[in-house]
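Peer 1: Sequence:
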Amino acid sequence: MKSIGLPGAVTQRGDWRPILGRRLRCRPFAGKNREIGEDENGTQAAGVVVHRRQWYCPRDAAADRVGDSWRDAMRPTLVLPIACMALIGGSTVSARSGPPPETVDAAPSETRRHSYAAVLMGVRMEIVLYAPDEETGRIAAKDAFGRIAVIEQVASTYRGNSELSRLVKRRNADAVVVSQDLFNLLEMSKRLHESTDGAFDCSVYKLVQAWRRAAEAKILPEPLVFETLRRISRSDQIELDGETRSVKLKEGVAITLDGIAKGYAGDAALEVLKAHGISRALIDLSGDVVIGDPPPGEEAWSVSLDFGDPDVPTMRLALANCAVATSGDTEQFFEIDGVRYSHIIDPRTGMACTNRTAACVIAPTGSLADALATAACVLGTADASEVLARFEDVSARVRTLGLDRAGEPDEILVGAQFEATEPDPQ
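Its first residue numbered 15, the sequence shown is counted upward by one per residue in my numbering.
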């Protein structure tokens, strides 16, 4: 079998299939693993190895969790944690909330479930899809991962030769024509900066770097340097020309697209799958999920949301044709002089956030969900409700974590998706 020539790393086998940072509550059939990336002799090829797996759930364990029927046991259920994003600045959705819907009676489907994984954008990603045969699914997944790899090379701040890095390193102030992907990302970021009252801002990369150095040294940024960086970290320092698809940066401006690039990549990957005739798919990007049509005979994908707070029960969401993104500082944080700082930067002040907040956003696209989840953590429960309500077909759950809530509400719910949501019986 021919290898897939994508950059990345080999995913790891295991008895349990990790997905979204937690466990998918199904086990792979013994002997049904196949690596897309081995030659005819079984020799592993270089690059990403995409795994295909068939799934089953033990009838007794699965029935205890979701229902008595075998088809209920096979319903795809993912556990979605409030994941920690990289250090950053801040069509109708046919999704449903609440318990998964009753199984729809249907003739046996000609499609089968296939699962593929790769490491891209520094995280493990997984595509679950329904295709008529393995070859169709494999080719579609390969092309979808390839599309994500292209976007990574466009938007990465960790690669010195990415298109974004080359743009920022330019020493002259002339406008430069950029790729459609980079222009799209910058254009969306500037719009979201305005519509979130500055809670999302792609121009804060130098502040991000300053706080990373502070976290390592356990010393707050020097005030004069900090103020200088804060003054140049503004989205109005980025000029876009839609007619020429060009970008002009004011002197000193540096950009990070970490708060929107994964969601954008998920949207693009789903479009690739659809171009292959595959619409029943779910793309997990480790903290962001882009969801297409539901599995055959079902009305939705079942996603469990874990806020990482023992006082908050896991919720189950039934979703289709939408995207989900999570953000928060449940794991990524640092302390200086006894003060707990988040990895998320408030672009309005330049400070690392000190309010412990976790957010889950459901939106029509991965790009929007990704950016708004970050913005919600910056805004906190006191201000997020008003801002998020401006967006059509967006639902969100934003929660203040920890005992010291500084007078903020414990939790806010925005939109219809979370109103009827019930705890996951697990």
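To be clear, the hints were calculated from the coordinates, so they are not data collected in a lab. Just to be clear, a hint being listed does not mean it is correct.
[Unchecked claim] Straight-line Cα separation of at most 30 Å, DSSO-like style, residue types lysine-lysine; simulated pairs:
1) Lys204 with Lys264
2) Lys183 with Lys204
3) Lys288 with Lys183
4) Lys288 with Lys232
5) Lys183 with Lys264
6) Lys262 with Lys204
7) Lys232 with Lys183
Peer 1: Evaluate each hint against the coordinates.
Peer 2: Outcome of the hint check:
no., hint, in the structure
1, Lys204 with Lys264, "holds, 15 Å"
2, Lys183 with Lys204, "holds, 20 Å"
3, Lys288 with Lys183, "violated, 36 Å"
4, Lys288 with Lys232, "violated, 48 Å"
5, Lys183 with Lys264, "holds, 12 Å"
6, Lys262 with Lys204, "holds, 13 Å"
7, Lys232 with Lys183, "holds, 28 Å"
The structure fails hints 3 and 4 (numbered hints given earlier, in ascending order).
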